[in-house]
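There are 2 protein chains.
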Amino acid sequence: MTNGKGILLIISGPSGAGKGTVVSKLKEKSGYSLSISATTRKPRQNEIDGVHYFFKSKEEFEKMIEDKKLLEYADFCGNYYGTPTDFVNKRIENNKTVILEIEIQGALQVKSIYPEAVLIFLTPPSMDELEKRLVGRATETPEKIELRLKRAVEEIDNIDKYDYIVINDSVERAVVDIEHIVNAEKMKAKRNLNLKEILIDYSKSI
Amino acid sequence: MTNGKGILLIISGPSGAGKGTVVSKLKEKSGYSLSISATTRKPRQNEIDGVHYFFKSKEEFEKMIEDKKLLEYADFCGNYYGTPTDFVNKRIENNKTVILEIEIQGALQVKSIYPEAVLIFLTPPSMDELEKRLVGRATETPEKIELRLKRAVEEIDNIDKYDYIVINDSVERAVVDIEHIVNAEKMKAKRNLNLKEILIDYSKSI
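Quick note, the sequences are listed as chains A and B, same order. Residue 1 is where the first sequence starts when you use this note's numbering, and the numbers rise one by one after that. Residue 1001 is where the second sequence starts when you use this note's numbering, and the numbers rise one by one after that.
Just so you know, these hints were derived from the structure itself, not from any lab. Heads up, the beta-carbon is just placed ideally off N, CA and C, and yes, glycines get one too. Hints are not guaranteed to be accurate.
Residues on chain A that point at chain B, a partial pick, calculated with CB under 10 Å [stated by the list, open to error]: (1) I48; (2) G50; (3) V51; (4) I113; (5) A117; (6) I120; (7) A152; (8) I156; (9) Y164; (10) L193.
Distance condition first, Cα-Cα at most 27 Å in a straight line; then the derived DSSO-like pairs of lysine-lysine [said to hold, decoys possible]: (11) K1005/B / K190/A; (12) K1161/B / K161/A; (13) K1196/B / K144/A; (14) K1069/B / K196/A; (15) K1196/B / K111/A; (16) K188/A / K1005/B; (17) K150/A / K1188/B; (18) K1005/B / K1069/B; (19) K196/A / K1111/B; (20) K161/A / K1111/B; (21) K1111/B / K190/A; (22) K1190/B / K188/A; (23) K29/A / K1019/B.
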């Protein structure tokens, strides 16, 4: 049906947009898999190398940066986190949709290296709803919530940098919407130019 | 969910690809409607002005060309055929998906005037299948079939000019694929930049 290659799907959006829930539903679908990050953070109990993260030493990680083996990386609280290129490429070659849940900065980094990546901005239906969800979590101080809302406004201001905007009004609907995007992307002409050779048997003289 | 605007959907592809069947199934779906062409051809019995065609005199049609009131037009066997811009625009403003079934030349004409149009190339799964379908019709001479196959090869050679390629292996699947494309297109960020204003109530100071 298509060129047999998967899609690199980047899902981004404000805290409270519901990325975690949507991603966890998506990764249960056949053909979808989650990207595994490399990190210099120490493994927590029960965390398995190659399952939850690829655990690396600082030297190993910096060698990966040097060798351009990361699609993107960032430094959080003194630890590196990044997306190994090889892992993503292998899955895409195997017709998998690889999901990457990262922030806009990282997303744009990936897009510059990997222009075929599909950037989705997942957004709550309104700022009021976002506020409600953040307050509902009851895990954050009012100051932290205000910061998150400010950050959300900045992110929404940058939606033109994304390919698609999915409004997470209902998780089920958002998941279906993303599946439609992936299916549509697989039918993009630019991803299927090999069809010329498949459809036309040039060796035959018609 | 979206900006409330519809999509101009151009469906093109070789004779025998099944455009007619796919389009007739699509236009039964809610939110879809078929574009009505203007023509200088005389109405046949039972053909109603404004339903099957907009029937025009040669002078009226040429005035439409002059006034740039056509998205595309062509001259077939001494009669003009064209797509009235106003009609398409009105339906799109009303959130309709307007289907235009035209040839590549016309499709590219429309895309140049109306870059938001979505160009779909509907193709049979193989040239052998296409030949089978054309022979199966039993309405055409072997010479005519050969000509159509040659034309199909030319068209397939130009698939990079399209946005999407839909393989019509099963009509039901092709219709669903096109519905996914339309849904995905409606979520394109560039079609939804107005969401900034909707999501962020700028008047509120956060």
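Consistency of the hints with the structure:
The beta carbon of I48/A comes no nearer than 35 Å to any beta carbon in chain B, farther than 10 Å, and the hint placing it at the interface is violated. Checking G50/A against chain B by beta carbon gives a least distance of about 33 Å; that is not within 10 Å, so the hint is violated. Hint on V51/A is violated. Least Cβ distance to chain B is approximately 32 Å, over the 10 Å limit. At about 20 Å, the closest approach between the beta carbon of I113/A and any beta carbon in chain B exceeds 10 Å, and the interface hint on this residue is violated.
Evaluation of the A117/A hint against chain B yields a violated restraint, the C-beta minimum of about 14 Å exceeding 10 Å. At its closest, the beta carbon of I120/A sits 8 Å from a beta carbon of chain B; the interface hint therefore holds under the 10 Å criterion. With a cut of 10 Å, the hint placing A152/A at the interface with chain B holds, because the nearest CB-to-CB distance is about 8 Å. Here the hint on I156/A is kept, as its CB sits about 5 Å from the closest CB of chain B, short of 10 Å.
Interface hint at Y164/A: satisfied, since its Cβ lies 5 Å from the closest Cβ of chain B, which is below the 10 Å cut-off. For L193/A, the interface hint holds, the least distance from its beta-carbon to any beta-carbon of chain B being 6 Å, beneath 10 Å. Restraint check for K1005/B and K190/A: satisfied, since their Cα atoms lie roughly 25 Å apart, inside the 27 Å limit. Our distance criterion of 27 Å between C-alpha atoms is met by K1161/B and K161/A, whose separation comes to about 24 Å.
With a CA separation close to 23 Å, the supplied pair K1196/B and K144/A stays within the 27 Å bound. With a C-alpha separation of about 35 Å, the suggested pair K1069/B and K196/A falls outside the 27 Å cut-off, and the hint is violated. Annotation: proposed proximity of K1196/B to K111/A holds, straight-line Cα distance about 22 Å (limit 27 Å). A hinted pair counts as satisfied when its Cα atoms are at most 27 Å apart, and K188/A with K1005/B qualifies at roughly 22 Å.
For the suggested pair K150/A and K1188/B, the alpha carbons sit about 24 Å apart, so the restraint of at most 27 Å is met. Proposed proximity of K1005/B and K1069/B is supported: the alpha carbons are some 20 Å apart, at most 27 Å. As the CA atoms of K196/A and K1111/B are separated by approximately 22 Å, the hinted pair is consistent with the 27 Å bound. Straight-line distance between C-alpha atoms of K161/A and K1111/B comes to about 23 Å, which keeps the hinted pair within the 27 Å bound.
Distance restraint check for K1111/B and K190/A: the Cα-Cα separation of roughly 17 Å lies within the 27 Å cut-off, and the hinted pair is therefore satisfied. With a CA separation close to 17 Å, the supplied pair K1190/B and K188/A stays within the 27 Å bound. A distance of roughly 31 Å separates the Cα atoms of K29/A and K1019/B; the hinted pair therefore is violated under the 27 Å criterion.
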